[in-house]
Each structure stands twice: as C-alpha cells, then as structure tokens.
Amino acid sequence: MTSGPYNYSYIFKYIIIGDMGVGKSCLLHQFTDKKFMADCPHTIGVEFGTRIIEVAGQKIKLQIWDTAGQERFRAVTRSYYRGAAGALMVYDITRRSTYNHLSSWLTDTRNLTNPSTVIFLIGNKSDLDGQRDVTYEEAKQFADENGLMFVEASAKTGQNVEEAFLETAKKIYQSIQDGRLDLNAAESGVQHKPASPGRPLAAPPAARDNCAC
Amino acid sequence: MSSFVNHREDSTVTVEETSTKDNVTYYKITVKVGSVRWTVLHRYNDFVELHDKLVSDHGVAKELLPPKKVIRNKTPKFVEQRREALSEYLKNVFNYLKLTMPSEFAHFLDFHLYDIFFLLQDLAKTLFLEGDNMLENEKSHNFTPLQLHAISERLKMACPMTEKQDQMYDFSHILDFCSQLRSLNIEGSYEKLGTSNIVPNDLHFDLIPFKSLLELKILGVPMACIQSVGGLRDTLISLSVSTASVVSLNEFLLVDILHKDPSSIADTVKWKKLSVINFASNNIDNVDWAIKLVPRLQHLSLSSNKLKELCDISCLHDLRVLNLSMNSFSICENWHAKIEVQHICKLPCLEYLWLTANPVASSIDYRVKVLEQFNARMTEICLDNEKASEKELDTARVLQALRVVKEETTNFA
Numbered sequence: 001m002t003s004g005p006y007n008y009s010y011i012f013k014y015i016i017i018g019d020m021g022v023g024k025s026c027l028l029h030q031f032t033d034k035k036f037m038a039d040c041p042h043t044i045g046v047e048f049g050t051r052i053i054e055v056a057g058q059k060i061k062l063q064i065w066d067t068a069g070q071e072r073f074r075a076v077t078r079s080y081y082r083g084a085a086g087a088l089m090v091y092d093i094t095r096r097s098t099y100n101h102l103s104s105w106l107t108d109t110r111n112l113t114n115p116s117t118v119i120f121l122i123g124n125k126s127d128l129d130g131q132r133d134v135t136y137e138e139a140k141q142f143a144d145e146n147g148l149m150f151v152e153a154s155a156k157t158g159q160n161v162e163e164a165f166l167e168t169a170k171k172i173y174q175s176i177q178d179g180r181l182d183l184n185a186a187e188s189g190v191q192h193k194p195a196s197p198g199r200p201l202a203a204p205p206a207a208r209d210n211c212a213c
Numbered sequence: 001m002s003s004f005v006n007h008r009e010d011s012t013v014t015v016e017e018t019s020t021k022d023n024v025t026y027y028k029i030t031v032k033v034g035s036v037r038w039t040v041l042h043r044y045n046d047f048v049e050l051h052d053k054l055v056s057d058h059g060v061a062k063e064l065l066p067p068k069k070v071i072r073n074k075t076p077k078f079v080e081q082r083r084e085a086l087s088e089y090l091k092n093v094f095n096y097l098k099l100t101m102p103s104e105f106a107h108f109l110d111f112h113l114y115d116i117f118f119l120l121q122d123l124a125k126t127l128f129l130e131g132d133n134m135l136e137n138e139k140s141h142n143f144t145p146l147q148l149h150a151i152s153e154r155l156k157m158a159c160p161m162t163e164k165q166d167q168m169y170d171f172s173h174i175l176d177f178c179s180q181l182r183s184l185n186i187e188g189s190y191e192k193l194g195t196s197n198i199v200p201n202d203l204h205f206d207l208i209p210f211k212s213l214l215e216l217k218i219l220g221v222p223m224a225c226i227q228s229v230g231g232l233r234d235t236l237i238s239l240s241v242s243t244a245s246v247v248s249l250n251e252f253l254l255v256d257i258l259h260k261d262p263s264s265i266a267d268t269v270k271w272k273k274l275s276v277i278n279f280a281s282n283n284i285d286n287v288d289w290a291i292k293l294v295p296r297l298q299h300l301s302l303s304s305n306k307l308k309e310l311c312d313i314s315c316l317h318d319l320r321v322l323n324l325s326m327n328s329f330s331i332c333e334n335w336h337a338k339i340e341v342q343h344i345c346k347l348p349c350l351e352y353l354w355l356t357a358n359p360v361a362s363s364i365d366y367r368v369k370v371l372e373q374f375n376a377r378m379t380e381i382c383l384d385n386e387k388a389s390e391k392e393l394d395t396a397r398v399l400q401a402l403r404v405v406k407e408e409t410t411n412f413a
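For the protein sequence lines, the chains are A and B, in the order given. Quick note on UniProt numbering: the first sequence kicks off at 1 and runs consecutively. Quick note on UniProt numbering: the second sequence kicks off at 1 and runs consecutively.
Everything labelled a hint here was simulated from the structure, so no lab data went into it. Please note that the accuracy of each hint is not assured.
Simulated coverage check for chain A against chain B, where a stretch passes if three residues somewhere in it have a Cβ under 8 Å from a Cβ of chain B [unchecked claim]: (1) 18 to 30; (2) 66 to 78; (3) 180 to 194.
Backbone N, C-alpha and C define an ideal beta-carbon position, used for all residues, glycine too.
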C-alpha cells in the first residue's frame, strides 16, 4: 500500500459552477483524463469525477461535482454546494455575459457554502485570445476585491487547468494546517480517508451489497 | 421504489395486523409512500427501544407510547387495543418527524431497504468505509437493480437537506466507487422485493456513473430497464447478458439509441474495445447488423438461443471463438452451401466453433462436412472442442475435391 488509487489521506469535495457553455465539464475532463472533449454535451443535472493529487507530500482525493449551467437545473445544482471545500467558478473570456453573471454565482456560493470554502475564479478559453471580451486586468481586480484566487485557463490546451485545481487544494490544505478548517465539522467538505483496508473502522460489510439478491 | 423526500405528504404508517410467533406478538406495520408500500414486523419491545431514542434525541413526548403491561398482555382484546394504540402512536410520531426523518426512525420502518434516499445513505456509508477495500480485492461487484435505480434517480434530484449531516453519508462516495469500478454484475428479478410491492425488473436505471467499467454481467434483467449505457462504449471489454429474453443483439448494443436503423448510426455508437460478447440463454433468432458495431469482437457466444440463420458476419475480422451450440440450425439438402456456413468459414481468425446440440449436428458426416468448408484452414479449426482427426481430414479433402469438380462442371455447363 505505497501507491495506487487507494492510497490517500484526505478527501476534498469540489464543485464547478458557472454559466452554460463556459467549459465546466471540459475543465473537469481535462483535469481527470487529461483530454479535451471537443463536442461536450450539455450536462444534465450533475456530473462527477475524481482524481488523486499530491499536496505537500500528502495524497488527496478530489471528489469533483460538475454542475449544469442551464438555469432550469439551478434547483438541482444548488443542492450540491453544501459541503464543498472548494468551488471553481468559471466564466468564458470570450463572452462578457458569462463574466457579468459572476456576482450572482458568487452570491449563491457564499450563501450555500461555509466560510472556509475556497473559491477559485477561472477565466476559461484563454486559447481564444483573439476573441477576448473580458480583459485579464478587470477580472483580476474583481477577484481581488472579492478575495478570490484567479487564473485564466484553457480546457482545450490544458494551460493552467492543473494549477487551478491544485492551488485550490493547497489553500484548503493550508486551512487544515492552520486549524481554520475543522475536519470534524459536518459541512467542511474535507474528510479523512477511512481506516485502511482490512481494518475497517466500524460497520460490518453489508451482506446486502455482496449477495446476489 | 419509494422516494420519500418527494412524497412526504402522500405517506402513511399504520399498524393493521398482528401475528404471534413463539409466543411473541408481532405488530405488522404498513408503510405507504406514494404508490409504494411495504410491511415491517416489530414486537412491542422494539417500539419501546425506538421510543427511548426518539424521546432523548428528537424531542418526542415521553407519554406518547402506550404503556407496558406485564400480565395478561396476550389476550386478544388487549392485543387489539394495543395494536390500535401503536397505530395511533406511529401516526403521531410520523407526522411529527416527517420533515427530519431521523435515521433511527427510518430504519425502524425499513426505509433503508425500499426508499431511494435512505438506501443510498446506507450504501454511501458502506462504500465510504469499505469501497477502496472492495475495489482492491473484489473480482467484481454486485449492484442490485434497486441500488442502480436509486443512484440514477438520485442524480436527477436536488439533494434534500437532511438531519444526517455526517459526510460519511454523502452521495459522492457512491459515485466515486462507481466511477472506479471495473467489473459489475447485475441480477434482476420478477419477484416482489421483501415485503414490498416493488418488482426489481420494473425499475429503470442507467449505467452513466460507471466510467471505467471493463466487464459487465447482466442476468435476468430485461433490456427495457436500462436507459443509458453512458460511457461504456468506450471502456467495456467483456459483456454478458443472459436469461434476459433478449431477441436481438441491438436491444443491448443500441439500448439508448432511439432510432435503431442502420443508416443513421454514427461511429460514436461503436463499442470500441468490446471483444467478448456472451448472450447465452436468450431468445435471439437472428444475428442482426448491430454486430457491426463491435469491430473488435474476438469471442461471441450465442449458446442456447433460437438461431436458425446467421447474417453476414464477415466484418468480424478478429473473431476467434464462435459458440452457436444449442440453437436451431437445421439440416437442409445442400446445407453446407448455405450462406452462413460460408460466412463463418471466411472468418480469418476463427479457431473455435461450436455447433453441438443443433439439429444439424446430428446429420451424417456432419463434422467432415463443416470442416471441409474451411479449405486449407481445416486443420486449424477446433470444432465442438475437438480438432479434426487424420481420418476426418482425409474424408474432408475427398469431399472438397468432389465439390470443386462439381462446381467446375456447373460452371462449364
């Protein structure tokens, strides 16, 4: 048990939010599979992905909820904010409207998550610099004013995608180290990995799941 | 399957009957959630135990429970009175706790067996604690249609605020497990589940959460239950669908495609890695064109079906094993010239062929007649688990020579 997918110490829960078509699912896909999905279908409700990363020598599993950007799914997606340790808020640098909606996304996030939730602003589609509709500077200023972390990234080329997910994790990990984030709080979005295999913490393995009933 | 969070106002709990076993009186509780109903048996002592917890943790009034009675507590009259009192008790407590539905109460009423939300809470906990262990050590994992249905439905729901705040019960752990699972078994049933009116094979589910699945075994689940195969087309290597009354392969291969006509099928619906297909014990009567959606197929078993003929499967260049045993391939006058035999014989990689227990296999010189069709490759073919003997090869070569002469004569004439 020195490597592999089952060796990690923490689980962090993330959500990805933002307007329809800004590339939320593509960012997730780029991060988990290192691939760009050209014809990514609209997300229905929610999508899910995981990946194990390393921060300061600690292996951390990210459980990432990717939400539908369409307004009609808002009731569904809102319910996933709860218990998120990290929120990636995405806009499209080539569409100003997606940037203009950020304040409403931010309000939702602040209302529905806890104070220790790390919010990271991502200006996606940085590969389309020619069609840029939102300058780096103004977004940076918005981020600074609201105490958000910020990068411009490209789900297509992969530029800064890794960084956004990792920096968020670093910040969360830092909060744990500083004691600002209480691991035992119900909605912290951070959990310790359960007891190692072969040494279950509690609960006998439910026969229901193993038998062919 | 019930969905309590959506049917809070349409749910009732009553005690309608009693029964006695080993001199203990059991009260039969009937739970109704929307159109779903089930029953739970509890003795009076179970009520006492539950009540204590509800009083101490959830503010239920202490005097609500009908009192204990030590003597003469078995008379029919008393039991009937107590039944009524317990029914009233449950009704009151249920109304009081309906919004929060604490887990002790939900478990007492068996919600964790029949209700989407409570079943998933228990599953999440199991997978959080044991999931990694299972992924590492289990060869494959069984999910019941009930669990799969619950997962699919839950993904469409806004997740409710619940009393249970512990992150151990978070739905993420289930999807996390599913997204890593490599081998999945699903077994269906037409029998009602437990004491409920839920029939597992009436429940719909999709396989979208399974993102790394290599192996899928489905036993006795009608294909109409499966609404989407998600990303399986990109990952699945081995597929087995048995005793599912499947009539044609496209019932699974195109299960989520609305217009199943060949001209509108794009490359995106191809099963890119699928190399083993086993559709044993179904009702397939023809191998349809959907087989072309599986270009990498190496192993095809259609044992115990109703096949009478085979379509053109010459597109399956990689096919090594073909099991057509226990079907209805029949004898006909010039049967070896029948088109399907030619299709089979032209498969360049074919090594194993089963035709046993077909009417054709009982015909005279059956083995040599089949082997002969393979021409130069007749020595490489293992027919019905047996390679050709020298004697069979000799006879086959004679037959082949005769056929060639015959064909030439026909051509000249």
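Okay, the hints, checked on the actual structure:
1. 18 to 30: Violated: only 0 residues of the stretch 18 to 30 of chain A have a Cβ under 8 Å from chain B.
2. 66 to 78: This one holds; 3 residues, not fewer than the three required, reach chain B with a Cβ under 8 Å.
3. 180 to 194: holds (count 7)
Hint 1 from the list above is the single one not met by this structure.
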